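Participant: Now for the letters of each chain:
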Amino acid sequence: MKIQSSFWLAVAATLMLSACSTSVERLDAQEQIDLSGAWNDTDSQLVAREMIEDSLSRAWISKFVQSEGKDPVVIVGRVKNLSHEHINTNTFVANMERELINSGEVQFVASAANRQEIRDERADQDLNATEATRKEAGQEYGADYIMQGQINTIVDVDGTTQVRYYQVNLELISLKDNRKVWVGEKKIKKLIKNSKLRL
Amino acid sequence: MHKLLIVLLLSLTGCVSQQNNNKLANELRQTTPEHILSILQENKPDTSDIAQYYLNLGYLQLLSGEFTSAIESLSTANNEMQLLSAISITENIAAGTVNETLRRYSGYPLDRVMVHNMLALSYLFNQDIEGARIEMLQADVEMKKLSEGEELSGQLASTHLLSAIIYELLDERSDAFISYQLTENILNKRQIVLPEGLKLGLLRSSKKMGNDQEYDRYSKLYPSLAKQTRLDKQVFILYFNGVVSNKEQRSIVVPSFNGRQLIRVSVPGYPNTRPLQQQASISDGLHRVNSALIENIDTLAKEDLDKEYPSILLLTTTRAVAKYKLVQEAQKKDPLLGALLNLATLLSEVADLRSWNMLPATVQFGYLETNFDNIAISTNNQNESPVNLNQGKQHVILATGLSDKIFNYQQ
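Residue numbers (this note's numbering), protein chains in the order written: chain A, 3 to 201; chain B, 5 to 415.
Derived by calculation from the structure, the hints in this document are not laboratory data. A hint or two may mislead.
[Said to hold, decoys possible] Simulated restraints on C-beta separations:
hint, chain 1, residue 1, chain 2, residue 2, range
1, B, Pro275, A, Leu48, 48 to 58 Å
2, B, Ser255, A, Asn92, 48 to 58 Å
3, B, Glu155, A, Glu119, 53 to 63 Å
4, B, Asp377, A, Leu199, 55 to 65 Å
5, B, Asp377, A, Arg121, 33 to 43 Å
6, B, Glu152, A, Asp36, 25 to 35 Å
7, B, Asn276, A, Gly161, 27 to 37 Å
8, B, Asn24, A, Asp36, 33 to 43 Å
9, A, Glu138, B, Leu87, 28 to 38 Å
[To be verified] In silico lysine-lysine, BS3-like type, Cα no more than 30 Å apart, as pairs:
hint, chain 1, residue 1, chain 2, residue 2
10, B, Lys149, A, Lys192
11, A, Lys188, B, Lys149
12, B, Lys149, A, Lys189
13, A, Lys72, A, Lys178
14, A, Lys198, B, Lys211
15, B, Lys203, B, Lys193
16, A, Lys82, A, Lys178
17, B, Lys203, B, Lys409
18, A, Lys191, B, Lys149
19, A, Lys82, A, Lys182
20, B, Lys237, A, Lys82
21, B, Lys211, A, Lys195
22, A, Lys82, B, Lys148
23, A, Lys82, B, Lys397
24, B, Lys148, A, Lys191
25, B, Lys148, A, Lys189
26, A, Lys188, B, Lys148
27, A, Lys198, B, Lys224
28, B, Lys212, A, Lys82
29, B, Lys148, A, Lys195
30, B, Lys48, B, Lys306
31, B, Lys193, B, Lys211
32, B, Lys311, A, Lys198
33, A, Lys192, B, Lys148
34, B, Lys409, A, Lys195
35, B, Lys237, B, Lys397
36, A, Lys198, A, Lys82
37, B, Lys306, B, Lys203
38, B, Lys193, B, Lys306
39, B, Lys211, B, Lys397
40, B, Lys237, B, Lys409
Predicted model only: the values in this text are computed from it and were never measured. Ideal Cβ positions, reconstructed from N, Cα and C, are used throughout, including at glycine.
In isolation and in its complexed conformation, chain A is listed as follows (with noise of 0.2 Å):
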């Protein structure tokens, strides 16, 4: 009888795993949760934040305003993913962005991308809007620096522990003649355990 006891728990117990439905909660979205150990948008809001704070407290602005006498123009270039992980590097870039442009200390121009698609609708205006509303080409504002940089990680695991180290340079490079004036660095350290076992 015990067996068959047993029986019937082991089959009550797939059945009720089984028959797990789908449940949505909405969430604050800058609420940190962290699921599976990966990067997530809060070491993305976080790195951002932290970064463009770091860049904006250093000297070179302060230089760059006194000699040129307006704020700098500055746009954010590509972020290489070298880590681990399969990043979307656009949603760390566009949290930089919002940083630079809610900082009001410098001035913030489209992506090369953005800007093309400007450029098509300038073009189109060209032919179909009215003399009054058209804009002209040629009246774009060139960045004075570019910010690019790369995500790397180091992994160390063992068996069911992991250790993932991450880390974001960022440069900030003069397009007048090369010259980096600014290179900040982010690590974040996340140790993952996985459970042995499941129900």
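Given the structure of chain A, go ahead and fit chain B onto it with the hints provided.
Facilitator: Structure of chain B alone, referenced to chain A:
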């Protein structure tokens, strides 16, 4: 008791789905990947077979040139395998009482690493070399997870080789050299003759990274290759030969000690057949190179099953005892019900025949340097297929004996 009878019989649906899958894998030897893919896409996988289904689906999509879909399917399979890497208590209870097909397919070490190879190739032919590089890094982490001392379980030479090629394409010289060396180590441990393309890779990458000591060592080991003049274009060829063996069920039925019931025991096994070894041949009109073995997937699949055998035997024995006791109890209450339940326990006793059973039997590698803009590749004794090289200096070509499709990544 009647309900139990129904549950036991319901478990047979999993067995039918396994048989269909094995049938499709066998048909792949005679027909095109596109045809099998269209049949597979019409089937919906059982909850317990999701990883196996998407592994096969993704591989066929890769061979059919549907790279974006292949990435999606293989990533689904990979995520499922990662989720199921922990041991399930309930599934093991079910496997120890009904049969092992009630356990969700979580992939063998071979699957867990090979999925990254297939993903990397899908990214590469989808013109995303950085995506391919990420997959190789993930494969490296997976291999470290699976490594146990000197054992070769989950350690794939083809993964290190593919990593080396990708690093070489990205001009990451030291990483390329290390990966070529790791490939060499595994092939030596497996007593597989080093392909000429690998020897050239070791020479080339040690020289490029300026490691004179290693370059001198390899030059002494392979003097004729060290003297070869470097030509304009590099062609790396991966050739997928055949289809890996399918598992088969081995069962015995014996009467119980008192002769009042029949006991059936089923375990999975691989047939003792050796896959037909065919090579790909690459020629630029002046030089001809044949692909050489880099990974015997058939052997790896058998090793993975061998490693699992102690737990399979334990569960099979537990199951036999549990089913015997159950029938015995039923017989005491109602002999007819006991007989029916005995029949149900016999029918439900099936071996777990699931595996990534559409993989190639072997992975082969060839390397050619040429100054010509056109080369020809012949596979499986079929006609030569022309490949144009004028769009780049470095080429990764994937050919398979299952179809005449040839994929070429060039940069």
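Participant: Now tell me, hint by hint, if it's right for this structure.
Facilitator: Do the hints match the structure? See the list:
no., hint, in the structure
1, Pro275(B) x Leu48(A): 48 to 58 Å, "holds, 55 Å"
2, Ser255(B) x Asn92(A): 48 to 58 Å, "holds, 55 Å"
3, Glu155(B) x Glu119(A): 53 to 63 Å, "holds, 55 Å"
4, Asp377(B) x Leu199(A): 55 to 65 Å, "holds, 58 Å"
5, Asp377(B) x Arg121(A): 33 to 43 Å, "holds, 36 Å"
6, Glu152(B) x Asp36(A): 25 to 35 Å, "holds, 29 Å"
7, Asn276(B) x Gly161(A): 27 to 37 Å, "holds, 34 Å"
8, Asn24(B) x Asp36(A): 33 to 43 Å, "holds, 40 Å"
9, Glu138(A) x Leu87(B): 28 to 38 Å, "violated, 57 Å"
10, Lys149(B) x Lys192(A), "holds, 17 Å"
11, Lys188(A) x Lys149(B), "holds, 27 Å"
12, Lys149(B) x Lys189(A), "holds, 24 Å"
13, Lys72(A) x Lys178(A), "holds, 16 Å"
14, Lys198(A) x Lys211(B), "violated, 44 Å"
15, Lys203(B) x Lys193(B), "holds, 16 Å"
16, Lys82(A) x Lys178(A), "holds, 23 Å"
17, Lys203(B) x Lys409(B), "holds, 28 Å"
18, Lys191(A) x Lys149(B), "holds, 19 Å"
19, Lys82(A) x Lys182(A), "holds, 18 Å"
20, Lys237(B) x Lys82(A), "holds, 27 Å"
21, Lys211(B) x Lys195(A), "violated, 41 Å"
22, Lys82(A) x Lys148(B), "holds, 25 Å"
23, Lys82(A) x Lys397(B), "holds, 24 Å"
24, Lys148(B) x Lys191(A), "holds, 19 Å"
25, Lys148(B) x Lys189(A), "holds, 23 Å"
26, Lys188(A) x Lys148(B), "holds, 27 Å"
27, Lys198(A) x Lys224(B), "violated, 48 Å"
28, Lys212(B) x Lys82(A), "holds, 24 Å"
29, Lys148(B) x Lys195(A), "holds, 15 Å"
30, Lys48(B) x Lys306(B), "holds, 28 Å"
31, Lys193(B) x Lys211(B), "holds, 25 Å"
32, Lys311(B) x Lys198(A), "holds, 19 Å"
33, Lys192(A) x Lys148(B), "holds, 18 Å"
34, Lys409(B) x Lys195(A), "violated, 43 Å"
35, Lys237(B) x Lys397(B), "holds, 5 Å"
36, Lys198(A) x Lys82(A), "violated, 34 Å"
37, Lys306(B) x Lys203(B), "holds, 28 Å"
38, Lys193(B) x Lys306(B), "holds, 17 Å"
39, Lys211(B) x Lys397(B), "holds, 19 Å"
40, Lys237(B) x Lys409(B), "holds, 22 Å"
In terms of the numbered hints stated before, the structure departs from hints 9, 14, 21, 27, 34, 36, listed from lowest to highest.
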